[in-house]
Each structure stands twice: as structure tokens, then as C-alpha cells.
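Colleague: All chains, full assembly: derive it from the sequences and hints.
Chains as they are written, first to last, in this note's numbering: chain Z, 34 to 189; chain C, 280 to 551.
FYI, nobody ran anything at the bench for these hints, they're computed from the structure.
Be aware that one or more of the hints could be misleading.
What the hints assert, rightly or not - What the simulated footprint calls covered on chain Z by chain C, stretch by stretch (three residues with Cβ under 8 Å from a Cβ of chain C suffice, anywhere in the stretch; the number is not a length):
| no. | region |
| --- | --- |
| 1 | 36-48 |
| 2 | 69-82 |
| 3 | 106-116 |
| 4 | 168-180 |
Said to hold, decoys possible - Which bits of chain C does chain Z cover? Going by a derived footprint, with three or more residues having C-beta under 8 Å, they are:
| no. | region |
| --- | --- |
| 5 | 313-319 |
| 6 | 370-383 |
| 7 | 413-423 |
Said to hold, decoys possible - Derived DMTMM-like pairs (lysine to aspartate or glutamate); straight-line CA-CA distance at most 20 Å:
| no. | chain 1 | residue 1 | chain 2 | residue 2 |
| --- | --- | --- | --- | --- |
| 8 | Z | Lys35 | C | Glu414 |
| 9 | Z | Lys35 | C | Asp434 |
| 10 | Z | Lys35 | C | Asp525 |
Idealized CB from N, CA, C, for every residue including glycine.
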Amino acid sequence: MKRAVTISVNGVSHATGVEPRTLLVHFLREHLNLTGTHVGCDTSNCGACTVWLDGMAVKSCTVLAVQADGSEVTTIEGVSANGELHPMQRAFHETHGLQCGYCTPGMVMAAIKLLEANPDPSDAEIRRGLEGNLCRCTGYENIVAAVRAAASGVTV
Amino acid sequence: MIPQAFEYEQPSSVADAIAMLGKHGGEARVLAGGHSLLPMMKLRLAAPDALIDIGRIASLRGITDTPDAITIGALTTHAEVAGAEVIASGCPILAETAAGIGDLQVRNRGTIGGSIANADPHGDLPAVLLALDGEATAEGPNGRRTIAAADLFVDYLQTSLSPDEILTEVRVPKASNSAYVKFNRRAQDWAIVGAAAVVHGSSARIALTGVGSKPVRAAAVEAAFDGSNTAEAAGHAADGLDAPSDTAASGEYRAHLARVLVRRALEAAMAR
Ligand SMILES: Cc1cc2nc3c(=O)[nH]c(=O)nc-3n(C[C@H](O)[C@H](O)[C@H](O)COP(=O)(O)OP(=O)(O)OC[C@H]3O[C@@H](n4cnc5c(N)ncnc54)[C@H](O)[C@@H]3O)c2cc1C
Ligand code: FES
Ligand code: FES
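Modeller: Pasting the structure below:
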């Protein structure tokens with residue numbers, strides 16, 4: 034049986050019905066067509082599905098849409114404003130912090146929160162802070178470089 | 280994968296939640312942070328008929344400081360425990376343990392009550408609660424009771440909570456000379472073995488995770504410890520232990536880890 038929820042996503046309120054077993058990531062991708070949030074695993078490990086739920090980075094594959102009722106969700110589609118990339122997105126672009134790009138939306142969402150909590154992290158703190166996000170391509174070096182670049186503001 | 284269909288209930292009080300558990304007669308599960316239960320449901324290792332989502336019960340949140348102890352509401356997240364000043368100063372082992380669970384995203388959702396109730400044999404908090412000699416409060420149809428950590432963990436994923444009880448809060452005594460050290464190989468992995476040490480002068484309470492189906496006290500270390508002989512006492516950490524072998528490690532290696540990690544935990548606790 035469907036259950037009524039009201040979830041605000043990237044500033045737009047959606048009042049709709051969802052099956053209780055609907056995962057937040059599927060609500061975003063399949064109900065709202067916001068396919069920037071990815072699914073990379075079945076085990077809550079990869080972090081490709083990371084979004085902000087009431088301002089906190091969470092794995093949207095491990096939250097039920099009904100648990101997000103009344104909450105505000107921000108996805109990768111919601112971090113840029115007026116067609117301008119977010120500085121973290123720009124940093125990933127400029128330092129080649131991605132190859133296939135599958136992990137990138139989740140990385141960016143987690144990395145922005147990392148810098149909010151710790152504006153000037155060491156490389157070790159960046160690696161530790163992104164522990165919940167796996168990348169199969171880059172070997173992480175350029176991801177760390179991207180976060181460092183975003184932290185120091187050296188992007189054009 | 281998507282979990283099997285279930286009925287979803289959203290109680291607004293503990294009393295409501297207990298009534299809903301009763302209504303579903305043992306086929307319902309409590310949902311807290313969902314970071315153990317939902318992964319199991321996605322893999323269809325669990326398929327409850329109903330979920331009683333306690334996530335909106337405000338009385339289950341928050342941290343209360345008293346002179347000798349700290350009381351933590353069951354729904355308090357790992358991130359909140361890790362970030363609380365009263366816990367960092369009064370019970371550093373708990374703050375450090377919460378800060379080391381999983382990853383940032385897991386800590387933002389997972390709760391202290393869920394970790395204790397789940398009793399994963401590789402979980403960090405059950406061993407820490409045992410070393411601290413802490414306790415959990417549970418409420419059920421027959422009222423409220425307090426369960427000492429020593430009586431709480433029964434077996435693999437099993438506690439002495441009954442299926443119609445809600446764990447409402449966790450209480451830990453203050454313990455400034457306390458530390459938790461775990462070992463794993465990969466980022467975000469559960470502990471292969473973890474050691475919790477709580478030192479009071481010349482005595483210590485030590486508990487281990489990852490060496491059996493539930494957390495255990497390292498009684499031989501506790502008996503040997505005299506307040507300064509950390510290396511010698513820690514050498515007894517695997518005495519009487521029959522640690523399991525699996526894909527992560529052999530039993531022999533776990534015994535080795537237990538000895539090393541107990542020494543490090545004792546040293547760290549005494550240095551605080
Ligand atoms: C990627 C990943 C990595 C992780 N790494 C670690 C780690 O390193 N160390 C570690 O210790 N844990 C780890 N965890 C588990 C995490 O700590 C979970 O948050 C925790 O085990 C369960 O808490 P929860 O609030 O999410 O509970 P839930 O998943 O909601 O519930 C777990 C179980 O407890 C029951 N339950 C929950 N709350 C109550 C209550 N108040 N009263 C009665 N029953 C209740 C539920 O019915 C269920 O059976 C990890 C999880 C993930 C996904
Ligand atoms: S899809 Fe892998 S953690 Fe969510
Ligand atoms: S860029 Fe391919 S997974 Fe990270």
C-alpha cells in the first residue's frame with residue numbers, strides 16, 4: 034500500500050505516494066528522473082548514491098523514501114547554481130578527479146560536506162573523510178588533489 | 280536490490296511502538312538508523328512483515344550528563360556521539376569508537392541503540408559497552424527494565440531484549456582512562472578484531488570484538504594486570520579463546536591480533 038510523503042528535492046516540494054520499500058535513491062532516479070545519483074552496489078559500501086538529507090551526507094540506497102518524509106534532499110543536480118559548476122565540481126574537472134565518472138556525483142556530495150566540517154584538511158583527512166566512497170578508476174590520487182584544490186580555492 | 284514488501288508503521292511514542300510490535304506478533308522489526316537492517320533486507324537476508332520506524336520518537340534522542348555517568352538516547356547517531364563534548368571528556372573510549380564506525384555517511388544515520396540491539400559479533404560498540412560495564416534500558420509491554428552489558432549479548436546477532444521491547448537508552452559510567460583499538464585491512468571495513476580497555480588504577484576491564492559469536496571479556500588479562508605490566512598482561516589476551524577462522528583471518532591470526540590490540544588499548548587508555 035502506498036504511503037503519502039512530502040519530500041523537498043533541490044528546493045522543489047514533491048507530495049506523492051510511495052511504497053514503503055522504495056529506497057530514496059530509487060525515488061530520486063525513477064520517480065523524479067534525477068539520474069545523477071548513482072547506484073554502484075547492493076551492500077551500502079560504494080557511496081555512489083550519496084545525497085544530502087537535511088544537510089547531511091547519507092547513502093540514499095540505505096534510506097527509505099518514507100524515512101525522508103518531511104525532509105529536504107539535495108542531489109548532485111542541486112549543487113550548481115545558474116548553470117555555474119559548484120567549486121568542488123570545477124575542482125574535479127580541472128584536476129582530472131574522475132575517469133569513468135560513475136563515482137563522481139557521490140564523491141562531490143561527500144567532499145563538499147567534508148570541507149564544510151574541515152575547511153583545510155590534510156591529505157590523510159581527505160582520504161579518511163571519503164572512506165565511504167569507492168572509486169574503481171582513479172586510484173584516488175586525483176580525487177584527493179581535487180578536494181585539496183577546492184579547499185585552497187585554486188580553481189578558475 | 281529492493282527489499283521485499285512490508286507494512287510500515289510510524290509510532291510517535293515508545294508506548295505506541297510497543298503496541299505496534301505487539302500487534303504484529305513477532306513478525307515486525309524495529310527500524311532505527313537502518314544501516315544494518317536495510318542492507319540485510321536489500322540482500323533479502325531479512326524480510327520482516329512490518330517495520331516499526333522509531334526514527335521520529337523525539338524522547339529517544341539526546342545525551343544527558345550526570346556526575347558519574349552519561350545517558351545516551353537510543354536514536355543518537357554515531358556522528359552525534361562522536362561530536363559530543365561531554366562524551367569526549369567523560370568517556371573518551373565511546374567518542375573514539377563512534378568516530379571510527381564505518382564512514383561519514385554511516386555515522387550520520389547509524390544509531391547507538393541500533394548497534395547495541397543488533398549485536399553484530401564484529402561491531403565496535405557492544406565490546407565497548409561490555410568493557411565499560413555499561414547498561415541498556417528497555418521498555419516493553421511489562422514495563423521498563425535495565426540490562427547490564429554482561430547480560431545483554433547472548434549470541435551471534437542476539438541480545439536478551441525480547442522482540443516486543445524497545446531499547447530506549449544506553450548508560451555508561453565515566454571512565455577517562457579508556458581506549459578502543461581495532462584492526463581492519465580496508466577502508467570502511469568492520470573490525471577483524473577490536474580491543475576495548477578501561478583502566479582504573481591497578482585494575483582494568485578488557486573486552487574483545489571479532490573473536491567469537493559475541494563480545495567477550497579478556498578475563499586472563501584482567502587477572503594478570505597490575506597497573507603497569509601492560510605487555511605481560513596483554514600476552515594473556517588469547518588465553519582460553521577459540522577464535523573463528525574465516526575469509527578475513529585465521530583463528531590463529533585473530534589470537535595474535537587480540538594480544539597486540541589489547542596491549543595498544545591498555546597503553547592508550549593509561550596515557551589519557
Ligand atoms: C558500510 C557500513 C559500514 C559499517 N561499519 C561498521 C563498523 O565499522 N563498526 C560497527 O560497529 N558498525 C558498522 N556498521 C553498522 C552501523 O554501525 C549500524 O548503524 C548499526 O549496526 C545499526 O544501527 P542502526 O541504527 O542503523 O540500526 P538498524 O539497522 O535500524 O537496526 C539494527 C537492528 O537492531 C534493531 N533495533 C534498532 N534499534 C532498536 C531499538 N532502539 N530497540 C530495539 N531494537 C532495535 C532492529 O530491529 C534491527 O534488528 C556499518 C554499516 C554499514 C552500512
Ligand atoms: S549504492 Fe553503493 S552505497 Fe549506495
Ligand atoms: S571515476 Fe570511475 S569509479 Fe571513480
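Colleague: Taking the earlier hints as the rules, which of them does this structure contradict?
Modeller: Checked against the structure, the hints that fail are numbers 1, 3, 4, 7, 8, 9, 10, while the rest are satisfied.
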